[in-house]
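Residue numbers (my numbering), protein chains in the order written: chain A, 1028 to 1085; chain B, 664 to 1184; chain C, 706 to 1126.
Heads up, some of the hints might be wrong.
With a cut-off of at most 30 Å between alpha-carbon atoms, the simulated DSS-like pairs for lysine-lysine come out as follows [as the list claims (entries may be wrong)]:
| id | chain 1 | residue 1 | chain 2 | residue 2 |
| --- | --- | --- | --- | --- |
| 1 | A | Lys1072 | B | Lys823 |
| 2 | B | Lys856 | A | Lys1035 |
| 3 | A | Lys1039 | B | Lys827 |
| 4 | C | Lys876 | C | Lys821 |
| 5 | A | Lys1083 | B | Lys827 |
| 6 | B | Lys856 | A | Lys1067 |
The hints are simulated quantities; they were obtained by calculation from the structure and are not laboratory data.
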Amino acid sequence: MSVNDLFKQDLKVVNLGLKSFYSDLKSQGVRTVQVNWKPKAGGKKKMLDLLSKINKVK
Amino acid sequence: MTLQTSIKRNAYYDSVTLMLLSRELQKLEGVEDLLVGMGTDLNLDLARNLGMASGEFDTLTANDLFIAAKFDDKKISMQAIEDAFKVYISRSAESESDEDYQPPSLQAAIQALPGANMVLVSVPGQNAAAEVEDALDAGLHVMLFSDNVSVEDELRLKQKAVEKGLLMMGPDCGTAIINGVPLCFANAVRRGKIGVVGASGTGTQEVTVQVHKLGEGLSQVIGTGGRDLKDQIGGLMMIQSFEALIADPGTEVIILISKPPAPSVAEKIYRIAQTSPKPVVIDFIGGDRSAIEAAGAIACVSLEDAAQKAVNVLRGQPVTDFAGFSLPDEQIDLMVENVVAKLKPDQTELRALFTGGTLADEAMKLLADHYDIYSNIPLSPEMAIENLPEGRGHICLDLGEDEFTRGRPHPMIDPQTRTEFFKSHVDGQTAVILVDVVLGFGSHKDPAGAVADSVREIRERLSGQGKDVVVIASVCGTDLDSQDLNKSVATLEAAGILVMPSNAQAVRLTDRVLQRKMKGA
Amino acid sequence: MIDIIENANKEALEIIQNGQPTLIGLGIAEDVIPGMSKDLFLHAGPPITWEKMSGPVRGGVMGGLMYEGLASTPEEAAEYAASGKIRFDPCHHHDAVGPMAGIVTARMPVWIVENKAYGNRAYCTLNEGLGKVLRMGAYGPEVIKHLQWMENVLYPVLKETIEIHGPIDLKTMIAQAVQMGDEVHNRNKAATSLLIREIAPSILKTSFSNEDKIAVLEFLNSNDHTFLNLSMPAAKATLEPAGKVKHSTIVYTMARNGTEFGIRVAGLGERWFTAPAEIIDGLYFPGFSMEDANPDVGDSCITETLGIGGFSMATAPAIVQFVGGTPKDAVRYTTSMYEITTEESRAYKLPPMNFRGAPTGIDIRKVIETQVLPVINTGIAHKVAGVGQVGAGVVHPPMACFEQALEAFVNLLEDEGLLEE
């Protein structure tokens, strides 16, 4: 979907981060969803390593 | 003084909530110092440097919250501090509790919002690139507000975006208005025929606001992030957006805003401008106008001028430089006379305290010919604020820069930082204070009020020395913004502040005042 | 490319979805529970020693000793328990589950639930009711007296009742209850009503006196949570066969012993992954606070493990008064559980979720990736034995359990040479 296609659509926004951005969109009636964001695996390196290993099962 | 720390595992709060919360908790009676944050390396270092970390801090991860407090245990207890924390969080959560489901990941969100076409990313920089990549892979456009994203990541992500025909606005992109919807920090402006691509947040805001004031409207306002026009990135987003606006039936005139790009990048932009069927107005703030004009585009002397020229060309009216004032010259002269008369001989210095980086930059460029201005975003290395002889001289600060926003919200969100600088940087030798007041989405609910309060405080302080000071402001806002342009102007004027209709005019008035003062002195 | 984990999980879910938990009768613990004996006391949660047991669990052990006649005073009981003369083992190691302290002793009557699809059985004691009860760690004379009444009157009547009535399909009963406002962990009113309705005529047909029949009916009716002690073994019986599926990352046990929280993962067999149990930050009854609370305890989160209980909170909006929050919160909790589970239940459909099936099959990979922890609705016991319930709330297992399990899982795959370099 190109930039010019986007210009023809209704904006539907996924917000990752500061809640105020989501609230502002909501107050304007824009279709939006706030992600309850946490770093993947809590940002814990050990867990991220384990997860990537487990995704590489033969 | 007791130092105690408290830890909450697996509890995530966004940075702005925490910083505002921290401020509230600091106000508690008996609390001397307090630090609240997620267990990121940055925050832990901060805590350790302040001597507020405890042994268990070594076990903290970025997903844990810590509260470190230095308090007088005769006046307050750690329990009371934790209770206050809970109350504050629940108050901000109250409006949340009956609210919509918040999916835990981008993937889950895309499922929850079928037809999602834009992702707004403002998570910590080190995590942002991965999220942007996932969003682009899923075929969504991206606005990347986060900074601290590497150049390598930016390049890779923008290349992917261009390949897929997607927007990747950022990193450090604070302003966009897509399909009439303001995103992040943006003003409420009417829809119309003028399209904007901006590499500078408040620069873009100023241009949109001025277009609105002149009675025209915006078709699309696309941000590219501050680094887009550097060599390494090669203007990828600027070019893609420029071309999209040329192809957009809703856009009749295009404005491009940026600091002067790398020459190779400027080349590419001029080439497109040359063959553009639509008029192109280019403000490479302080850049070389002849190259712009040689490319068949319209050059500008200020952000306000860019807006005016775009409006004129849209209306088929003559395009001329606007480098003066909206008010008649006589009125300006009178104003200047009156305020200069109140200054004492030793009041000679400028204190420009900006919340918008581009507005600060524009200010310095307009004043560069006549003044040596020291800054944290200097026009040249010699003018770095560290070089300022004993703090005596003209100063222009961008208070939104990293060094001032460590552990505190951006001054556009929370005026507290600038309030402190009013106190610390304005003294008996200040002649003029110059400020921007930015309204709109994302901004504080009453930035004008905060400035007015600070100015009253300053006048009180200086009246003790038998002195007054000149305060000049511009308001980057519209009548449609929730903070209301007219109300904000009235608030500022009630505090004796001279309000100009644009940043450029405010800067020009500042120049007039300083010139007059120097002559008269 | 064949993904052995995905296939294993599919197999585990098939087993879970196919489960047919059925009440087939009642028996006495030492007669029917595998490995049960006079010197063995079963308890809730992962393995634990007397030294590490918390107040309510110790109280349950002491009460159990007096009930069994192995001690005549609490002091004697405490001495006996510490002496090593009785062994302790998790209910889970003996095909059993127990709510709160979960103490099972040789003489206690138990429900017998059979998973008709796979033939395995699960056992659970009968629910004592509210107030001062053994499962909250009370051990006074009235507790013992009540247990004796249950053994001498309640048990024989119910045993004959089920013999007369025939087996009861618990899967269908639970499926109905979750459409009547129950989640069958902390909210069992509808399920208990359905049970009583089902067996009442058969109670009347038994050979016992009217007095006994009336007493039994009145007791069942006085205790909304009668059905909890059936939903728990129903869930246990459904999940246990899935625990044998190699290479599956599905959780088939969650349980707490009042000191530690433990989970077991299908592909990791019978290994427990434990971490300190949390103190529940919930709603406390007037006069009580978090300071009074015992850490999380009980096998009852076997219901959540199956996807009912707290996972189905959306379908039991009345529960929110109990745990704090709004009905919309309940929906949000259930919605978030879909992020960490594998399939929707084919049997348990939730009307407020547009009849979506309950979120079933907790996957440790998803828990760690999303950092969303399973949600458990639970009662909170006072940390001092016997005081009883002091509140209720929502609690989560510690993330550490899942992290340890993931690490062990990856190590296992490495040892088996199943990971790409």
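Pairwise hint evaluation, B:Lys827 against A:Lys1083, where the allowed Cα distance is 30 Å at most:
Between A:Lys1083 and B:Lys827 the Cα gap is close to 27 Å, so the pair holds against 30 Å.
Regarding the pair A:Lys1039 and B:Lys827, is the alpha-carbon distance no greater than 30 Å?
holds (19 Å)
Compare the distance between the alpha carbons of A:Lys1072 and B:Lys823 with 30 Å, and conclude whether the hinted pair is satisfied.
holds (26 Å)
Do the alpha carbons of B:Lys856 and A:Lys1035 lie within 30 Å of each other, as the hint requires?
It holds: about 15 Å lies between the C-alpha atoms, which stays within 30 Å.
Has the given pair, C:Lys876 with C:Lys821, been kept, meaning a C-alpha gap of at most 30 Å?
Holds - the C-alpha atoms of C:Lys821 and C:Lys876 are around 11 Å apart, at most 30 Å.
Are the Cα atoms of B:Lys856 and A:Lys1067 separated by 30 Å or less?
It is violated: about 42 Å lies between the C-alpha atoms, which goes past 30 Å.
The structure fails hint 6 only (numbered hints given earlier).
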